[in-house]
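So the chains spell out like this:
2 protein chains.
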Amino acid sequence: MTLCFEDFPPGRFGSYGPRHVTREEMLAFAAEFDPQPMHLDEAAASRSMLKGLSGSGWHLCSIMMRMMFDGYIGRTASLGSPGVNELKWLAPLRPGDDLTLDVDVVEARVSRSRPSTGIVTFKGIVRNAAGEALCEMTSPIIVKRREAAAG
Amino acid sequence: MTLCFEDFPPGRFGSYGPRHVTREEMLAFAAEFDPQPMHLDEAAASRSMLKGLSGSGWHLCSIMMRMMFDGYIGRTASLGSPGVNELKWLAPLRPGDDLTLDVDVVEARVSRSRPSTGIVTFKGIVRNAAGEALCEMTSPIIVKRREAAAG
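Residue numbers (the numbering used here), protein chains in the order written: chain V, 1 to 151; chain U, 1 to 151.
Note that these hints are calculated values from the structure, not bench results. Hints may be right or wrong, so weigh each one.
Each pair may be met inside one copy or between any two copies, as identical chains are not told apart.
Cross-link-like lysine-lysine pairs, in silico, DSBU-like; alpha carbons within 35 Å at most [said to hold, decoys possible]:
1) K123 - K88
2) K123 - K51
3) K51 - K88
What you are looking at is a predicted structure, and each value in this text was computed from that prediction instead of being measured.
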């Protein structure tokens, strides 16, 4: 069943994963989009502030997007997102990490400009297997209200 | 020459691109990280709010990262970024777009906790060939001060 605005009351929404991240996919993403030495070069990375090879923050965001898609966005009447309110990279993504994602609905309100939709603001936290938070993101999506989705 | 904190006074920093984006790379990124119908399926996309196939916002961010890397981050004594202050997706990325990036330094200050570094906050705006803003991002990076970089 398709999830609509009414299915996102404020509070804990769900937990997803684990999603295993390989060294190979980390290096492939970095080579294409973010070829800084800390993301590509083991020796340079060991001398960096993050003390070892770390994934690009944009790779982490992209993996979080896929975990959200697999978890609920793929079956949500979502019209898209206007952006991100806040994004924090808190600790490095490492080769071999098993990521989990906790999602809360922090706000849900009917759109004033488009009353057949609502704006659902999520807070997602990605953690590694040790429970350390790697990334925290607060972002709204636009979701159809049930009546509009059915019509 | 490596760019240090002192090389980033507030004001216009630079303009980069054009970077051509193909339909094939848009579909490949969406298939891996953001397989929503609006990013993958031409027919579904034409019925979506964005009225046609659009790239994932995370793909746009990743391309912006690469444009920043090629433009200046690749030769900057950067230690990484703690996150993003604000990110707005303003208009859809389309197949065949030629993107340009304008970058301003909005703030530059010496770090209190780590005085050998400074925090440089950039605002980047990605535009298509028509000059329409697709994405706007404000984000800090941590950059070595010249004395520390030389040491």
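Hints, one by one, checked against the model:
1. K123 - K88: For K123 and K88, both the intra-copy (11 Å) and inter-copy (16 Å) Cα distances are at most 35 Å.
2. K123 - K51: both (28 Å within a copy, 28 Å between copies)
3. K51 - K88: Cα proximity of K51 and K88: in one copy and across copies (19 Å, 32 Å).
Hint check: no violations occur; every hint is consistent with the structure.
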